[in-house]
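S.K.: Sequence:
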Amino acid sequence: MSKQLRYYKEKTILITGAAGFIGSSLVRVLSQIDCTLICCCRDVEKLEIIPPVKARVVNREIDIRTPSIWEEILERVDVVFHFAAQTSSKFANDNPCMDMDINLALIARFVETCQNKNIRPDIIFPGTVTQVGLTQTWPIDEMIQDVPITVYDINKLAAEKYVCYYGTQLGGRGVTLRLANVYGPGTKSDRPDRGILNMMVMRALEGKPLTLYGDGNYVRDYVFIDDVVNAFLIAGARFDSTNGKHYVLGSGVGHTIKEMAEIVRNLMAKITGKNVDIQNVPPPHGLSQIEFRHFVANTSRFRQDTGWSPQVKLEAGIKRTIDSFLRKGTQ
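Mind the numbering: the sequence shown is residues 1 to 331 in this note's numbering, read in order.
Warning: the hint list may mix true and false statements.
[As the list claims (entries may be wrong)] Pairs of lysine to aspartate or glutamate residues, derived as EDC-like cross-links and limited to a Cα-Cα distance of at most 20 Å, are as follows:
1. Lys328 to Glu259
2. Lys258 to Asp277
3. Lys270 to Asp226
4. Lys161 to Glu142
These aren't lab readings, by the way, just hints derived from the structure by calculation.
Since this is a predicted model, take the numbers as computed values, not measurements.
Could you build all of it, start to finish, from the sequences and the hints given here?
M.R.: Structure, rendered in structure tokens:
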């Protein structure tokens with residue numbers, strides 16, 4: 001058992017968004033140790049706990065928009081991994097108040113509930129690298145000024161500030177990991193097409209062409225799900241170094257969307273014998289400028305503070321993703 005997993009033994013751990021991509025992957029890891037695991041999501045039938053299980057697992061069906069939700073689920077909780085969120089930038093721009101209710105007000109209510117009940121559970125929170133906005137240079141670290149250009153990123157940035165405030169001013173402990181493009185295998189209940197890379201793999205398995213907006217030469221940082229789960233576990237186990245901070249999290253290696261699609265195409269041909277086309281198409285009208293960004297993460301600060309490092313390179317990660325989807329019969 002790793003050092004960071006030992007830290008969570010005998011703790012009561014709350015995971016919101018437990019049926020989602022990252023949440024379900026974290027549940028799978030933490031269910032293997034002696035702890036109490038409270039898994040919260042909108043539909044408990046989507047929760048998939050893979051045996052053998054050592055944890056005491058409690059499934060809670062919740063609506064995160066309920067104003068009193070934290071009062072209902074925070075009792076005697078030691079650690080909160082908060083993944084429940086609204087994740088569409090377009091939806092946020094079209095519905096700013098609803099996005100604020102889910103992605104910002106929910107964190108403000110967490111802070112308020114902790115103050116009112118005089119409790120201080122740790123909170124580990126996912127941000128997004130797009131909070132920084134459009135940058136002229138990369139790799140990107142924590143020192144670059146944030147200039148968010150979408151409602152989604154504005155609310156995520158404000159929520160991050162609340163987590164920092166909770167950790168530095170209220171006697172709690174909180175940390176935010178700003179995530180690059182996460183990809184990799186998920187559970188049966190999770191949307192397998194979540195994220196651009198997983199979507200490309202799904203399209204390839206279905207025999208559909210891989211479509212690129214414009215020339216596809218926008219640089220992205222793709223980080224494998226296992227590395228992300230490990231980062232969240234380490235961040236919560238190392239509050240001596242991480243409290244009150246935010247970190248940029250990615251692989252530290254940039255690939256254009258075109259390069260990623262070519263790797264998917266080549267591996268599909270090698271693994272399944274299927275030939276997949278890559279097509280360049282015009283971007284849809286009204287697509288946010290954030291979709292035309294270039295981004296590579298500089299993870300030096302997180303590495304220095306925690307000892308974390310990504311282990312899975314892109315081609316190996318894509319192969320594992322294809323193999324996983326094939327085993328689940330997603331062709």
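S.K.: Hint by hint, say whether it matches the structure.
M.R.: Evaluation of the provided hints:
1. Lys328 to Glu259: violated (26 Å)
2. Lys258 to Asp277: holds (12 Å)
3. Lys270 to Asp226: violated (24 Å)
4. Lys161 to Glu142: Holds, because 14 Å separates the two Cα atoms, which is no more than 20 Å.
In terms of the numbered hints stated before, the structure departs from hints 1 and 3, listed from lowest to highest.
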